[in-house]
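Student: For the protein sequence lines, the chains are A and B, in the order given.
Under the working numbering, the first residue of the first sequence carries the number 10, and numbering increases by one thereafter.
Under the working numbering, the first residue of the second sequence carries the number 10, and numbering increases by one thereafter.
Among the clues, some could well be false.
Same chains, same names: a pair is fine if it fits in one copy or spans any two.
As the list claims (entries may be wrong) - In the EDC-like style, the derived pairs of lysine to aspartate or glutamate whose C-alpha atoms are separated by at most 16 Å in a straight line are: (1) Lys-281 with Asp-228; (2) Lys-96 with Glu-417; (3) Lys-262 with Glu-495.
The hints are simulated quantities; they were obtained by calculation from the structure and are not laboratory data.
Protein chains: 2
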Amino acid sequence: VVKGRAEEPVYIWISDQEVEIRPAAHLWGLDTHETAAAIQDETDPQAQVACIGPAGERLSLMASVMIGGTDSRAAGRGGMGAVMGSKNLKAVAVRGTSKPEYFDRQGLLRSVRQANAIIRDNSLAMTQFGTSGGIITTEQVGDMAIQNWRLGSWKEGAPKITGERMAETILTGNYHCHACPIGCGREIEITEGPLAGLQGSGPEYETIIGFGPMCLNDDLESIAAMNDLCNRYGLDTISTSGTVAFAMEAWEKGLLDSEDTGGLDLSWGNTKSMIQLIEMIGRREGLGAALADGTRAAAERLDANSIEFAVQVKGLELPYHDPRAFTSMALGYATANRGGDHLETMTYWHEYGKEWPDMGYVDPPDKLSSEGKGKMVADFQNFMQVFNGLGLCKFIAKAGVGPQLLAEWTNLALGWDWKVEDVLSTGERTFNLKRLINARWGISRKDDTLPPRMLSHPRPSGSAQGNLPHLGKMLHEYYEARGWSEDGLPTPEKLEELGLSDL
Amino acid sequence: VVKGRAEEPVYIWISDQEVEIRPAAHLWGLDTHETAAAIQDETDPQAQVACIGPAGERLSLMASVMIGGTDSRAAGRGGMGAVMGSKNLKAVAVRGTSKPEYFDRQGLLRSVRQANAIIRDNSLAMTQFGTSGGIITTEQVGDMAIQNWRLGSWKEGAPKITGERMAETILTGNYHCHACPIGCGREIEITEGPLAGLQGSGPEYETIIGFGPMCLNDDLESIAAMNDLCNRYGLDTISTSGTVAFAMEAWEKGLLDSEDTGGLDLSWGNTKSMIQLIEMIGRREGLGAALADGTRAAAERLDANSIEFAVQVKGLELPYHDPRAFTSMALGYATANRGGDHLETMTYWHEYGKEWPDMGYVDPPDKLSSEGKGKMVADFQNFMQVFNGLGLCKFIAKAGVGPQLLAEWTNLALGWDWKVEDVLSTGERTFNLKRLINARWGISRKDDTLPPRMLSHPRPSGSAQGNLPHLGKMLHEYYEARGWSEDGLPTPEKLEELGLSDL
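Using the sequences plus the hints, can you model the full thing?
Tutor: Have a look at this one:
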């Protein structure tokens, strides 16, 4: 835990057991790729560097912590980059040479290898086409966020931004995180046209939807460029794209004019303007100053009613799975501890058809219905607490890693005796702990809501046309399943049951 | 229209064509009964006096304008008393001796006499037992607000506070507004016990529910005393009782202690404390200072999360018809131009079973369903704009006065050629005009919502047990019926159609 604030910019260098705080004034202002390279030069070429870019330095609430230099893996959501920036902490670099000890190393390796084979078989499309391989389906199922969540279908645009199209055009290879059997990461290069020379990590599903249909942009190369910019500035691509789409709607509605934008034409799909706007956000310059903290803050700065189209929960922009197409996500977004966050829930996979026999979810429910989703969301949130807490990637969950395997791995690694119910009860305790922290900041039922656009603007076309989540009903079922009060707070009885009654 | 603010307290005296602004420093601080009597002494014993009490002088946002002295008729909702107070205007007194001229006086009188016979026949229970005659049914149908809207049934308490019980105990007569065939007004006297000596107007339905079940109080005599206090201070009984119930819940939850209350024990049903609290609110003293502007303002002053149980819309406390029992009222409250107001809608009567053949509403819908209520609420709001605008009493609407009769009376009075559709289109124009005024103050879709308690806390028992309005869906249907944008604003096309395109 890093406490306090350095007087001058610093970075932390951890080499095995040694921890050193080093000056970083010379790195201040560098982008995340430059920063990682410079720190590897100064420390160890194999050091892993987690750093912030200019956005984090300027305390953007959309600033991410970028990891792995040009690999551009991100701790993206919730503005953690601004936390580092506020501490004058440019980076944390780590190099360890010792190996972890396990209770049963051979057993663990054997189990992981077995799982890897299953994960690999279940993830062939992901390996081949990356996280954006399913975009045609996304559009067909009514899940795609289009024009700041206003349109219902985009049949003409969807084929132009898919993982398949990327594979046919700019893809040069795929990237594997350490020991991963999938390798969903994209490596791309643009060799022709105005963006020629762009090379590095390719955009992921969320980024493609965000800078694509959300902004009515079907130009995949421009999306790759925007992705690259966000990575370099250290900006969360979900929040940034949501904020760009918000600005475009404000432009359309005449709430922003070219004086506000410094001459940029923010018409839908204007990729040149989008690229410039991202730069302005990353540097908190011009209109970027009003947008750098996301849509909720921008709405407060621009015009009271623009909060109507600021699509966020508790200040965090929604990721690109439509809660009108997968109603469980309405509840998941409304109750996630970070705000508009899907990683605490992931129930849309079950609504899509994936079964979770470990948890008793073998009969996928109607994705458009608001019935019976309360307990389901609570159960998956509990599971995902442990899953995320172990630092695992959600795509192996999709490929089959459920609470049974988490228990098995934990037991093999630590010599414990966990069963599925221990995983879930630990997750429940974790979720309640986070909720208690939020409650100290004044969060309660009143904050567990969705933006107006999700509650009363149905999609006008497509498979999810006309559907609206009955959030109040789902919240009631959810609080009941959680054993919380109707005001969304853990009851003394629930805290007692979870061993948290001293909090 | 009264513009500006007098330097010293004044009242306005209008005698036929003469208008006089008179000093009122000697009336400042008097209650509404005293004020009306004093002004009648100074002007004309037959003058009609509309005045404020101490609450309006202290700019309470719950302050009403009281009319008719001891008859205690109120322009109750929305804090109009504070508007007069802010202008240093204690009263407006009027005495006119000329008669209005009508296009067809005989025809109008004949039509009104025919209607009066029907109204009288349809309102026998109302004449006998007043507005609180139906309280047993209110409880049975799941409509009764109990313990700040938390409980679902109150079978043991309901019989003790009905109009029938009032008739058996403290009722001494009934009061007719000018030329009214119903006479729902109650005259009461308490001759025994601690409240002996109380005499005057009796409490109405809303007042009885508010100071009764809302506060778990089944003592009708105490309710009569609270009603008298509110009338004298010039306080809206709905907002005041809602605020007292809010304070009682805050006490239960430990957010108020006896230091905050000046020693009052705000346990549910403590009538002695309730009476004292109303006095404190009327004088804006002690805890009354925090409560005098209603629940929303009180929640801001007390504790951020107490907004959870501040049952108001746009700052106005809900009247006592449960939107979980009559779902159309959810939509009506959310969209009424004054805030949590039932008088712009009145659709619960249709859901109860009353038919409106003039408007094509002959088949009452399922009162618990959220389907198909959008157009219905818009239509009834349009009707009620004209109905209320003509200064008519809603109880004659209940008894059978629909748009057909409004058109007929208008034509006879003014020589116009109105049909039902003219009444409704005039109402639509009026409603849109009010919405445009609200829009200038920043009102849009985001404000068309209900408090958390109505959206996700179902009634735990009784006939409406478990039901929650699907507000988002109803709002969508409503905006569509109104021809408004999804953000709840009149579109340019709609304004054009209504002849309001210059606004």
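Student: All hints are to be evaluated individually against the structure, with a verdict given for each.
Tutor: Okay, the hints, checked on the actual structure:
For the homomeric pair Lys-281 and Asp-228, the shortest alpha-carbon distance inside one copy (11 Å) is at most 16 Å, but the shortest distance between copies (72 Å) is not. Neither within a single protomer nor between protomers do Lys-96 and Glu-417 lie at most 16 Å apart by alpha-carbon distance, with minima of 39 Å and 75 Å respectively. Taking the closest pair of Cα atoms, Lys-262 and Glu-495 come within 16 Å of each other only across two copies (14 Å); inside a single copy the shortest separation is 38 Å, beyond that limit.
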